[in-house]
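Colleague: If you're matching them up, the sequences are chains G and P in order. Each residue of the first sequence is one higher than the last, beginning at 2 in our numbering. Each residue of the second sequence is one higher than the last, beginning at 4 in our numbering.
Hints are computed from structural coordinates only; laboratory data are not their basis. Watch out, some of these pointers could steer you wrong.
[To be verified] Partial list, derived from the structure: chain P residues whose beta carbon lies under 10 Å from chain G:
#: 1; residue: 238
#: 2; residue: 334
#: 3; residue: 335
#: 4; residue: 398
[Claimed, not checked] Covered by chain G, per the in silico footprint, the following chain P stretches (three or more residues, Cβ under 8 Å):
#: 5; region: 100-108
#: 6; region: 240-251
#: 7; region: 265-272
#: 8; region: 338-350
[As the list claims (entries may be wrong)] According to the in silico footprint, chain P covers these stretches of chain G (three or more CB under 8 Å from chain P):
#: 9; region: 44-57
#: 10; region: 173-183
Since the structure is predicted, the reported quantities are computational estimates derived from the model, not experimental observations. Here a beta-carbon is modelled for each residue, glycine too, at the ideal position from N, C-alpha and C.
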Amino acid sequence: MAGALRKLSAAWRMGRQSVLRPVVQTGWQHVRDSSHFTYYPDTVPESHDETQRLNLFQSINNALDLALATDDSAVIFGEDVGFGGVFRCTIGLQDKFGKDRVFNTPLCEQGIAGFAIGSAVGGATTIAEMQFADYIFPAFDQIVNEAAKYRYRSGNLFSCGKLTIRSPCGAVGHGGLYHSQSPEAYFSHTPGLKVVVPRGPIKAKGLLLSCIRDDNPCIFLEPKVLYRSAVEMVPTSDYTYPLSSADILLEGEDITLLGWGTQVHVLREVAELAREQLNVSCEVIDLVTILPWDQQTVCNSVKKTGRLLIAHEAPITSGFGAEVAATVQSECFLHLEAPVERVCGFDTPFPHIFEPFYLPDKWRCLSALKKLMNY
Amino acid sequence: MAARVCRAALLPAGCRLLSRVWQRTGPVSCTRALSSNLGEEQPNFPGSRSKWTEKLDFVQPDLYDGIPVYRVMDRKGQVIDPASDPNLSEDIVIKMYKRMTLLNTMDRILYESQRQGRISFYMTNYGEEGTHIGSAAALNDEDIVYGQYREAGVLMWRGFPLDSFINQCYGNEADMGKGRQMPVHYGSVEHRFVTISSPLATQMPQAVGTAYSFKRAQNGLCVICYFGEGTSSEGDAHAAFNFSATLECPVIFFCRNNGYAISTPTSEQYRGDGVAARGPAYGIATIRVDGNDVFAVYNATKAARHITVNENRPVLIEAMTYRIGHHSTSDDSSAYRSVDEVRLWDSTQHPIARLRAYMVHQNYWDEAKEKQWKDDCKRQVMQSFARAERRQKPSWKEMFTDVYDDMPQHLQDQYEYMKAHVDEYQDHYPVKNFVKEM
Chain G
2 MAGALRKLSA
12 AWRMGRQSVL
22 RPVVQTGWQH
32 VRDSSHFTYY
42 PDTVPESHDE
52 TQRLNLFQSI
62 NNALDLALAT
72 DDSAVIFGED
82 VGFGGVFRCT
92 IGLQDKFGKD
102 RVFNTPLCEQ
112 GIAGFAIGSA
122 VGGATTIAEM
132 QFADYIFPAF
142 DQIVNEAAKY
152 RYRSGNLFSC
162 GKLTIRSPCG
172 AVGHGGLYHS
182 QSPEAYFSHT
192 PGLKVVVPRG
202 PIKAKGLLLS
212 CIRDDNPCIF
222 LEPKVLYRSA
232 VEMVPTSDYT
242 YPLSSADILL
252 EGEDITLLGW
262 GTQVHVLREV
272 AELAREQLNV
282 SCEVIDLVTI
292 LPWDQQTVCN
302 SVKKTGRLLI
312 AHEAPITSGF
322 GAEVAATVQS
332 ECFLHLEAPV
342 ERVCGFDTPF
352 PHIFEPFYLP
362 DKWRCLSALK
372 KLMNY
Chain P
4 MAARVCRAAL
14 LPAGCRLLSR
24 VWQRTGPVSC
34 TRALSSNLGE
44 EQPNFPGSRS
54 KWTEKLDFVQ
64 PDLYDGIPVY
74 RVMDRKGQVI
84 DPASDPNLSE
94 DIVIKMYKRM
104 TLLNTMDRIL
114 YESQRQGRIS
124 FYMTNYGEEG
134 THIGSAAALN
144 DEDIVYGQYR
154 EAGVLMWRGF
164 PLDSFINQCY
174 GNEADMGKGR
184 QMPVHYGSVE
194 HRFVTISSPL
204 ATQMPQAVGT
214 AYSFKRAQNG
224 LCVICYFGEG
234 TSSEGDAHAA
244 FNFSATLECP
254 VIFFCRNNGY
264 AISTPTSEQY
274 RGDGVAARGP
284 AYGIATIRVD
294 GNDVFAVYNA
304 TKAARHITVN
314 ENRPVLIEAM
324 TYRIGHHSTS
334 DDSSAYRSVD
344 EVRLWDSTQH
354 PIARLRAYMV
364 HQNYWDEAKE
374 KQWKDDCKRQ
384 VMQSFARAER
394 RQKPSWKEMF
404 TDVYDDMPQH
414 LQDQYEYMKA
424 HVDEYQDHYP
434 VKNFVKEM
């Protein structure tokens, strides 16, 4: 049975090669060399006919375009979004939809968050941008004490469910302390919020539209290293993906590898290395939504494989991996054949020149995987 | 050399003088060349609009006597300048008075009930009733209100029932907030009053965001945002003022400057000319009013509403008043201010007494009416109080609802767990005080 599954997944991966190759050929080799990960593009869901080749920032721009076009109340604002944004995510939108719908705010994150909450309370579909997730902390009070608790504390009289906060997150190669952080765990401790991290353009478009249309305040964290490097064929239509639903990207038998955002691609490569070097069959899961997270998909997988490796860029102590690990040991205790292992950033600030030693790269993940398989 | 000259052009006035001193002993020709190239009649920095000066002069904060306090009535309820009399009808004036006094009666009874341990917490509105009623009366009832916590009079003006106030303080099954928040954290969709939360100033940028959505909806409404002078020190106040001006929002900022933030006097809160003086710095039209003069508050709010709705720009009103009561039931204000000081304000400048004097002067009111209304108020509040106290608390399942629009799986699991636990250990929980599970 194990062999059959492994063969299946190998065949599946062979299929991927044809998708990967053109990307590599179009000058992407450089990114592969300098980056800690290799991008694994998603395939277009079969139900979609028309597609266009987009990178992550373009697919987000496409989602925002659709959100504004389909909802007259929708507005987008933040620092420097008017001219297109420092990552080009809002390019062309002000020209197309007007300055009253896509506009710059003063440079003040707590103001952006508070203004955004009020805009949503006033009935507008509200999409606010924080320029870097590292700078979301001045807005922490508004997000945690206000946005998250609005519906609950008012007995559902008022809510800011129409609010979505987008923010670039994660390592980018040279971001240092304040252009690299992954703050998802801070928000995962806050009932009332939804926290979502996409792994690439196809998912980002569908998930962002889901967040925008979901009737709860959502934080949408965009791995900025993927803005230009992640390219795939993205459906042109208006589509959404369910929140709180994890994706099994690769079915496997021997161990479950769980990550989100850029780290998913690291784990995909680790799974390949494990198959080639160790003949280990890995099940790779993208958690997608950090809060509320898909416990069932993760626990079902671990019950099957008996082993779990969680990897995230954020520091290990009280990172979201700790939450997953605690839940899995409680739910899957009799199925576990090794301790749950976490491969994460270290408990240090995110360093500049030491980034290659800081990140939970494929070699650290592979090493942990070996340990788990030999346990 | 060129670099040095350019730097001189970018220096503020004070430093420019220093560079001129240097120029006396060094070459100056480059500066002249620069001025003829760029034209020096007006500075052309993108960040400001003003003229040059060759005088080294710091702008001093005490250049003027402070923004004056606008008033309509004197302390005896006499209108000082007939031209500024709002000429409100007898009905409206009496309604103002009745809502202020009803609030005052409710405050006294609920304050006492907290002292007796019947509710957990309370905050009175003593001395600030005029700011609430005067401003609320000048608004359109559809205008959205964002408050801090000491604005119950606004709800009172809009007809929020006594039962609703007291149900909230009891957190009983009739509380629209489902008993989740501390007392005095009121909210009502019907009365366009956004639910109060404890974190100070958070409502301020939110009010601006709602005002922006009103502007886009072109609904002819504005937003009013109340806050205390202590709150104005929060970063969110700065954010709100600045966003409202740059994004041109129909919002009225209404500051209740009552002299204290809990124990902190204004001398430890700010060193400028109060809160009003900050308005112009943000590009906000600003006025300071006598908060104990309900007509002054009314006039200022009415004019502010006209400006903000018609011109889509924010207005700041600073109402000067005095917090006569303790900060809350958890505070004994005699620990930081004298009883005499409080008595002075209570006896000589009270907004209720001042309006009553006006009404007596107009023959709208007399001793008999006063006595009858006082009894009536007390009866209304006591009856409402008794009803609220008899009611059960909501089902404890409400602890799990409204966290999200739908209850996610993990919360359903936690609810099922708690249900089983309470069933097994029910003797240890106050289940009989709560409505039986739905």
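Colleague: Please list, smallest to largest, the hint numbers that this structure does not respect.
Modeller: Numbers 2, 3, 4, 5, 7, 8, 9, 10, in rising order.
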